[in-house]
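Whenever a hint applies, use it, and build me the whole structure from the sequences.
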Amino acid sequence: MKQGFVVAVVGATGAVGLELIRILEQRLFPVGELRLFASDRSAGKVTTFKTPNGQIKLRIRKVEPECFLGVDIAFFCAGSSVSKEWAPVAARNGAVVIDKSAAFRMDKAVPLVVPEVNPGAIATHKGIIASPNCSTIPLVMVLKPLNDYARVKRVVVSTYQSVSGAGLKAVAEMTDEARALLSGRKYQRRIFPHQIAFNVIPQIPQSNAFCQDDYTDEEVKMIQETQKIMGNSSIKVSPTCVRVPVNRGHAESVNIEFSRPISPAKVRALLAKAPGIRVIDDPKHQSYPMPVDVAGKDDVLVGRIRVDRTVKNGINLWLCGENLRKGAALNAVQIAETVIQDYK
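Anchor point for the sequence shown: position 286 equals 286 in the numbering used here, and the numbering is continuous, going up by one each time.
If you are wondering where the hints come from, they were derived from the structure by calculation, not from laboratory data.
There's no promise every hint is true.
[As the list claims (entries may be wrong)] Ranges between beta-carbon positions, derived for each pair:
#1 ARG154 / LEU181: 20 to 30 Å
#2 SER80 / ALA180: 49 to 59 Å
#3 SER207 / GLN341: 37 to 47 Å
#4 GLN3 / LYS45: 21 to 31 Å
#5 THR48 / GLY79: 19 to 29 Å
#6 ALA180 / GLU257: 25 to 35 Å
#7 TYR187 / THR338: 18 to 28 Å
#8 GLU257 / ARG59: 50 to 60 Å
#9 VAL307 / ALA180: 40 to 50 Å
#10 VAL307 / ASN232: 21 to 31 Å
#11 GLN55 / MET106: 35 to 45 Å
#12 VAL307 / MET106: 15 to 25 Å
#13 LYS236 / PRO202: 19 to 29 Å
#14 SER287 / ASN232: 29 to 39 Å
Source: prediction; values computed, not measured.
No residue lacks a Cβ here, since even glycine has one placed at the ideal position from N, Cα and C.
This is the structure:
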(Lines of atoms letter the chains of each structure in order from A and count residues from 1; the text may use other names and numbers.)
(Lines give C-alpha, C1' and ligand atoms only; values in the text may rest on other atoms or scores of the structure.)
Protein backbone atom coordinates (compact mmCIF):
# COMPACT_ATOMS: atom_id res chain seq x y z
CA MET A 1 0.00 0.00 0.00
CA LYS A 2 1.17 3.52 -0.74
CA GLN A 3 2.45 5.50 2.24
CA GLY A 4 0.82 8.80 1.35
CA PHE A 5 -2.25 9.57 -0.75
CA VAL A 6 -3.32 12.79 -2.40
CA VAL A 7 -6.74 13.47 -0.91
CA ALA A 8 -9.29 16.09 -1.93
CA VAL A 9 -12.32 17.18 0.08
CA VAL A 10 -15.02 19.08 -1.79
CA GLY A 11 -17.38 20.86 0.59
CA ALA A 12 -14.66 21.13 3.22
CA THR A 13 -16.33 23.92 5.23
CA GLY A 14 -19.75 22.29 5.62
CA ALA A 15 -20.88 20.15 8.55
CA VAL A 16 -19.98 16.84 6.89
CA GLY A 17 -16.75 18.16 5.36
CA LEU A 18 -15.50 19.46 8.70
CA GLU A 19 -16.35 16.15 10.38
CA LEU A 20 -14.62 14.20 7.62
CA ILE A 21 -11.41 16.17 8.06
CA ARG A 22 -11.48 15.46 11.80
CA ILE A 23 -11.99 11.75 11.14
CA LEU A 24 -9.05 11.66 8.72
CA GLU A 25 -6.96 13.07 11.56
CA GLN A 26 -8.34 10.73 14.21
CA ARG A 27 -7.99 7.55 12.14
CA LEU A 28 -4.52 8.53 10.90
CA PHE A 29 -5.59 8.13 7.29
CA PRO A 30 -2.36 8.06 5.21
CA VAL A 31 -2.66 11.56 3.75
CA GLY A 32 0.38 12.66 1.79
CA GLU A 33 -1.28 15.82 0.50
CA LEU A 34 -4.68 17.29 1.41
CA ARG A 35 -6.52 19.63 -0.94
CA LEU A 36 -9.60 21.41 0.45
CA PHE A 37 -12.31 22.92 -1.73
CA ALA A 38 -15.49 24.87 -1.00
CA SER A 39 -17.73 27.55 -2.44
CA ASP A 40 -16.46 30.91 -3.66
CA ARG A 41 -17.52 32.41 -0.30
CA SER A 42 -15.09 30.18 1.58
CA ALA A 43 -12.23 30.27 -0.93
CA GLY A 44 -9.13 31.85 0.55
CA LYS A 45 -9.89 30.92 4.15
CA VAL A 46 -7.18 29.08 6.07
CA THR A 47 -7.73 26.00 8.21
CA THR A 48 -5.49 23.47 9.95
CA PHE A 49 -4.95 19.73 9.64
CA LYS A 50 -3.19 17.50 12.17
CA THR A 51 -0.61 15.09 10.82
CA PRO A 52 1.60 12.64 12.73
CA ASN A 53 4.39 15.19 12.25
CA GLY A 54 2.44 18.16 13.52
CA GLN A 55 -0.23 20.62 12.47
CA ILE A 56 -0.20 22.18 9.01
CA LYS A 57 -2.11 25.15 7.59
CA LEU A 58 -4.18 24.73 4.43
CA ARG A 59 -5.93 27.29 2.27
CA ILE A 60 -9.47 26.59 1.05
CA ARG A 61 -9.73 26.75 -2.76
CA LYS A 62 -12.61 26.91 -5.18
CA VAL A 63 -13.19 23.95 -7.46
CA GLU A 64 -11.60 24.18 -10.91
CA PRO A 65 -11.01 21.53 -13.61
CA GLU A 66 -7.28 21.18 -12.95
CA CYS A 67 -7.60 20.84 -9.17
CA PHE A 68 -8.10 17.06 -9.36
CA LEU A 69 -4.89 16.33 -11.25
CA GLY A 70 -2.90 13.77 -9.27
CA VAL A 71 -5.66 13.17 -6.70
CA ASP A 72 -6.03 9.58 -5.45
CA ILE A 73 -9.17 9.92 -3.31
CA ALA A 74 -11.77 12.67 -3.70
CA PHE A 75 -14.41 13.03 -1.00
CA PHE A 76 -17.49 14.96 -2.11
CA CYS A 77 -19.38 16.43 0.85
CA ALA A 78 -21.34 19.10 -1.00
CA GLY A 79 -24.77 18.95 -2.66
CA SER A 80 -25.92 16.87 -5.61
CA SER A 81 -25.46 19.67 -8.14
CA VAL A 82 -21.78 20.03 -7.20
CA SER A 83 -21.25 16.26 -7.37
CA LYS A 84 -22.96 15.93 -10.74
CA GLU A 85 -20.73 18.65 -12.20
CA TRP A 86 -17.37 17.79 -10.66
CA ALA A 87 -17.34 14.13 -9.55
CA PRO A 88 -17.06 12.84 -13.15
CA VAL A 89 -14.22 15.34 -13.73
CA ALA A 90 -12.35 14.01 -10.71
CA ALA A 91 -12.94 10.40 -11.80
CA ARG A 92 -11.70 11.12 -15.34
CA ASN A 93 -8.51 12.52 -13.80
CA GLY A 94 -7.90 9.20 -12.03
CA ALA A 95 -9.35 9.87 -8.59
CA VAL A 96 -11.64 7.44 -6.81
CA VAL A 97 -14.63 9.60 -5.89
CA ILE A 98 -16.55 8.88 -2.70
CA ASP A 99 -19.73 10.92 -2.89
CA LYS A 100 -21.99 11.69 0.07
CA SER A 101 -24.73 13.38 -1.97
CA ALA A 102 -27.72 11.68 -3.58
CA ALA A 103 -26.39 12.38 -7.09
CA PHE A 104 -25.30 8.83 -7.98
CA ARG A 105 -26.86 6.60 -5.32
CA MET A 106 -29.44 5.01 -7.57
CA ASP A 107 -27.20 4.88 -10.65
CA LYS A 108 -26.91 1.18 -11.54
CA ALA A 109 -23.26 1.67 -12.51
CA VAL A 110 -22.35 3.19 -9.13
CA PRO A 111 -22.04 1.01 -6.01
CA LEU A 112 -23.89 2.26 -2.93
CA VAL A 113 -21.84 1.11 0.04
CA VAL A 114 -21.92 0.61 3.78
CA PRO A 115 -18.68 -1.29 4.52
CA GLU A 116 -20.22 -3.35 7.33
CA VAL A 117 -23.03 -4.46 5.01
CA ASN A 118 -21.87 -4.78 1.38
CA PRO A 119 -18.09 -4.22 1.21
CA GLY A 120 -17.81 -6.40 -1.90
CA ALA A 121 -19.66 -3.77 -3.92
CA ILE A 122 -16.65 -1.45 -3.63
CA ALA A 123 -14.68 -3.57 -6.11
CA THR A 124 -17.29 -2.92 -8.81
CA HIS A 125 -16.75 0.84 -8.93
CA LYS A 126 -15.86 2.64 -12.14
CA GLY A 127 -14.44 5.74 -10.49
CA ILE A 128 -17.38 6.79 -8.29
CA ILE A 129 -18.68 5.18 -5.09
CA ALA A 130 -21.81 6.52 -3.41
CA SER A 131 -22.37 6.72 0.34
CA PRO A 132 -26.00 6.35 1.49
CA ASN A 133 -28.33 8.69 3.29
CA CYS A 134 -27.66 9.29 7.00
CA SER A 135 -30.89 7.56 8.03
CA THR A 136 -30.41 4.56 5.72
CA ILE A 137 -26.94 3.65 6.99
CA PRO A 138 -27.83 2.69 10.60
CA LEU A 139 -30.97 0.92 9.41
CA VAL A 140 -29.18 -1.42 7.01
CA MET A 141 -26.42 -2.04 9.55
CA VAL A 142 -29.08 -3.48 11.84
CA LEU A 143 -31.01 -5.30 9.11
CA LYS A 144 -27.99 -7.10 7.60
CA PRO A 145 -27.10 -9.50 10.45
CA LEU A 146 -30.77 -10.14 11.18
CA ASN A 147 -31.58 -10.79 7.52
CA ASP A 148 -28.71 -13.28 7.33
CA TYR A 149 -30.45 -15.29 10.06
CA ALA A 150 -34.12 -14.81 9.12
CA ARG A 151 -35.12 -13.11 5.88
CA VAL A 152 -36.58 -9.64 6.37
CA LYS A 153 -39.97 -9.25 4.66
CA ARG A 154 -41.10 -5.79 5.75
CA VAL A 155 -39.75 -2.81 7.68
CA VAL A 156 -41.77 0.06 9.14
CA VAL A 157 -39.43 2.81 10.30
CA SER A 158 -40.03 6.23 11.83
CA THR A 159 -36.98 8.48 12.05
CA TYR A 160 -36.25 11.22 14.57
CA GLN A 161 -33.58 13.21 12.75
CA SER A 162 -31.46 15.94 14.32
CA VAL A 163 -31.17 19.42 12.84
CA SER A 164 -27.48 18.99 12.01
CA GLY A 165 -28.67 16.75 9.18
CA ALA A 166 -29.84 19.98 7.53
CA GLY A 167 -26.47 21.70 7.97
CA LEU A 168 -24.72 24.13 10.27
CA LYS A 169 -27.13 26.96 9.46
CA ALA A 170 -30.03 24.78 10.59
CA VAL A 171 -28.37 24.18 13.96
CA ALA A 172 -27.90 27.92 14.37
CA GLU A 173 -31.53 28.55 13.42
CA MET A 174 -32.83 26.14 16.06
CA THR A 175 -30.62 27.69 18.74
CA ASP A 176 -31.53 31.26 17.82
CA GLU A 177 -35.22 30.44 17.55
CA ALA A 178 -35.22 28.78 20.99
CA ARG A 179 -33.61 31.85 22.51
CA ALA A 180 -36.13 34.12 20.81
CA LEU A 181 -39.11 32.08 21.97
CA LEU A 182 -37.85 31.90 25.55
CA SER A 183 -37.38 35.67 25.62
CA GLY A 184 -40.71 36.43 23.96
CA ARG A 185 -39.18 37.80 20.76
CA LYS A 186 -40.34 37.14 17.20
CA TYR A 187 -38.00 35.12 15.03
CA GLN A 188 -37.69 35.12 11.24
CA ARG A 189 -36.74 31.56 10.23
CA ARG A 190 -34.89 30.88 6.97
CA ILE A 191 -34.21 27.15 6.89
CA PHE A 192 -37.27 25.33 8.19
CA PRO A 193 -40.86 25.83 6.97
CA HIS A 194 -42.15 25.71 10.56
CA GLN A 195 -40.91 26.30 14.08
CA ILE A 196 -38.25 23.71 14.94
CA ALA A 197 -37.41 24.80 18.50
CA PHE A 198 -39.64 22.84 20.92
CA ASN A 199 -41.43 21.24 17.96
CA VAL A 200 -41.15 18.36 15.47
CA ILE A 201 -41.65 18.62 11.72
CA PRO A 202 -42.80 15.54 9.74
CA GLN A 203 -41.08 16.65 6.55
CA ILE A 204 -37.48 16.01 5.43
CA PRO A 205 -35.99 17.69 3.48
CA GLN A 206 -37.58 20.92 4.56
CA SER A 207 -37.53 22.69 1.20
CA ASN A 208 -38.61 20.06 -1.36
CA ALA A 209 -42.15 19.31 -2.45
CA PHE A 210 -43.66 15.96 -1.58
CA CYS A 211 -43.19 13.10 -4.03
CA GLN A 212 -45.61 10.48 -5.35
CA ASP A 213 -48.23 9.36 -2.81
CA ASP A 214 -47.11 12.24 -0.57
CA TYR A 215 -43.85 10.62 0.51
CA THR A 216 -40.95 12.99 1.04
CA ASP A 217 -37.69 12.70 -0.86
CA GLU A 218 -35.98 11.43 2.30
CA GLU A 219 -38.53 8.65 2.66
CA VAL A 220 -38.16 7.61 -0.97
CA LYS A 221 -34.38 7.49 -0.47
CA MET A 222 -34.76 5.15 2.50
CA ILE A 223 -36.91 2.76 0.48
CA GLN A 224 -34.73 2.66 -2.62
CA GLU A 225 -31.35 2.75 -0.87
CA THR A 226 -32.24 -0.01 1.59
CA GLN A 227 -33.30 -2.32 -1.23
CA LYS A 228 -30.18 -1.56 -3.27
CA ILE A 229 -27.70 -2.02 -0.41
CA MET A 230 -29.39 -5.19 0.81
CA GLY A 231 -29.50 -6.48 -2.77
CA ASN A 232 -33.18 -7.32 -2.40
CA SER A 233 -35.93 -5.29 -4.05
CA SER A 234 -38.58 -7.48 -2.39
CA ILE A 235 -37.96 -5.99 1.09
CA LYS A 236 -40.89 -3.72 1.78
CA VAL A 237 -39.92 -0.48 3.52
CA SER A 238 -42.47 1.98 4.92
CA PRO A 239 -40.72 5.09 6.34
CA THR A 240 -41.85 8.31 8.00
CA CYS A 241 -39.05 10.86 8.43
CA VAL A 242 -39.33 13.53 11.12
CA ARG A 243 -37.08 16.43 12.09
CA VAL A 244 -36.67 16.86 15.85
CA PRO A 245 -35.05 19.66 17.90
CA VAL A 246 -31.84 17.77 18.67
CA ASN A 247 -28.35 19.02 17.71
CA ARG A 248 -26.68 15.74 16.71
CA GLY A 249 -27.72 12.12 16.50
CA HIS A 250 -30.55 10.49 14.58
CA ALA A 251 -32.91 7.98 16.18
CA GLU A 252 -35.20 5.44 14.53
CA SER A 253 -38.12 3.35 15.71
CA VAL A 254 -37.99 0.16 13.64
CA ASN A 255 -40.59 -2.57 13.23
CA ILE A 256 -39.34 -5.63 11.34
CA GLU A 257 -41.39 -8.55 10.02
CA PHE A 258 -39.34 -11.70 9.38
CA SER A 259 -39.99 -14.80 7.28
CA ARG A 260 -39.57 -17.08 10.31
CA PRO A 261 -39.56 -16.77 14.09
CA ILE A 262 -36.76 -14.87 15.80
CA SER A 263 -36.68 -14.03 19.51
CA PRO A 264 -35.57 -10.77 21.12
CA ALA A 265 -32.74 -12.72 22.76
CA LYS A 266 -31.54 -13.91 19.36
CA VAL A 267 -31.77 -10.39 17.96
CA ARG A 268 -29.63 -9.12 20.83
CA ALA A 269 -27.07 -11.87 20.31
CA LEU A 270 -26.81 -11.28 16.56
CA LEU A 271 -26.49 -7.51 16.90
CA ALA A 272 -23.97 -7.80 19.73
CA LYS A 273 -21.62 -9.57 17.30
CA ALA A 274 -22.28 -7.25 14.35
CA PRO A 275 -19.54 -4.76 13.42
CA GLY A 276 -20.22 -1.13 14.26
CA ILE A 277 -23.19 -1.93 16.52
CA ARG A 278 -23.48 -1.82 20.30
CA VAL A 279 -26.52 -3.17 22.13
CA ILE A 280 -27.81 -1.12 25.09
CA ASP A 281 -30.98 -2.84 26.17
CA ASP A 282 -31.76 -2.93 29.89
CA PRO A 283 -35.20 -1.29 30.23
CA LYS A 284 -35.56 -2.26 33.89
CA HIS A 285 -32.71 0.13 34.64
CA GLN A 286 -33.86 2.70 32.04
CA SER A 287 -30.89 1.86 29.83
CA TYR A 288 -31.48 2.39 26.13
CA PRO A 289 -29.91 4.44 23.32
CA MET A 290 -30.45 8.19 23.09
CA PRO A 291 -29.06 10.82 20.71
CA VAL A 292 -26.88 12.30 23.45
CA ASP A 293 -25.16 8.91 23.72
CA VAL A 294 -24.03 8.87 20.08
CA ALA A 295 -22.98 12.49 19.57
CA GLY A 296 -19.37 12.38 18.43
CA LYS A 297 -19.31 8.56 18.57
CA ASP A 298 -18.96 5.94 15.83
CA ASP A 299 -21.13 2.98 16.88
CA VAL A 300 -24.82 2.57 16.12
CA LEU A 301 -26.62 1.87 19.40
CA VAL A 302 -29.63 -0.48 19.55
CA GLY A 303 -32.13 -1.13 22.35
CA ARG A 304 -35.82 -1.51 23.27
CA ILE A 305 -35.73 -4.88 21.48
CA ARG A 306 -39.08 -6.61 21.96
CA VAL A 307 -41.72 -8.78 20.31
CA ASP A 308 -44.40 -7.19 18.15
CA ARG A 309 -47.47 -9.18 19.16
CA THR A 310 -49.64 -7.73 16.36
CA VAL A 311 -47.86 -9.49 13.48
CA LYS A 312 -46.37 -12.93 12.94
CA ASN A 313 -42.56 -12.99 13.41
CA GLY A 314 -42.42 -9.30 14.30
CA ILE A 315 -39.74 -7.44 16.28
CA ASN A 316 -39.64 -3.84 17.45
CA LEU A 317 -36.39 -2.05 18.21
CA TRP A 318 -34.95 1.43 18.67
CA LEU A 319 -31.63 2.68 17.31
CA CYS A 320 -29.51 5.80 17.48
CA GLY A 321 -26.64 6.79 15.20
CA GLU A 322 -24.42 9.84 14.84
CA ASN A 323 -25.58 11.39 11.56
CA LEU A 324 -22.43 13.42 10.87
CA ARG A 325 -20.09 10.51 11.63
CA LYS A 326 -21.34 7.03 10.71
CA GLY A 327 -24.27 8.57 8.86
CA ALA A 328 -21.93 10.57 6.63
CA ALA A 329 -18.22 11.29 7.11
CA LEU A 330 -17.10 8.09 8.84
CA ASN A 331 -18.84 5.86 6.30
CA ALA A 332 -17.04 7.71 3.49
CA VAL A 333 -13.64 7.34 5.22
CA GLN A 334 -14.25 3.64 5.86
CA ILE A 335 -14.97 3.20 2.15
CA ALA A 336 -11.70 4.97 1.36
CA GLU A 337 -9.81 2.76 3.81
CA THR A 338 -11.02 -0.26 1.84
CA VAL A 339 -10.20 1.34 -1.50
CA ILE A 340 -6.58 2.13 -0.61
CA GLN A 341 -5.85 -1.50 0.24
CA ASP A 342 -5.72 -2.11 -3.52
CA TYR A 343 -3.07 0.56 -4.11
CA LYS A 344 0.48 -0.76 -4.54
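Let me make sure I understand: some of the numbered hints might not hold for this structure. Which ones are they, in numerical order? 1, 2, 6, 7, 12
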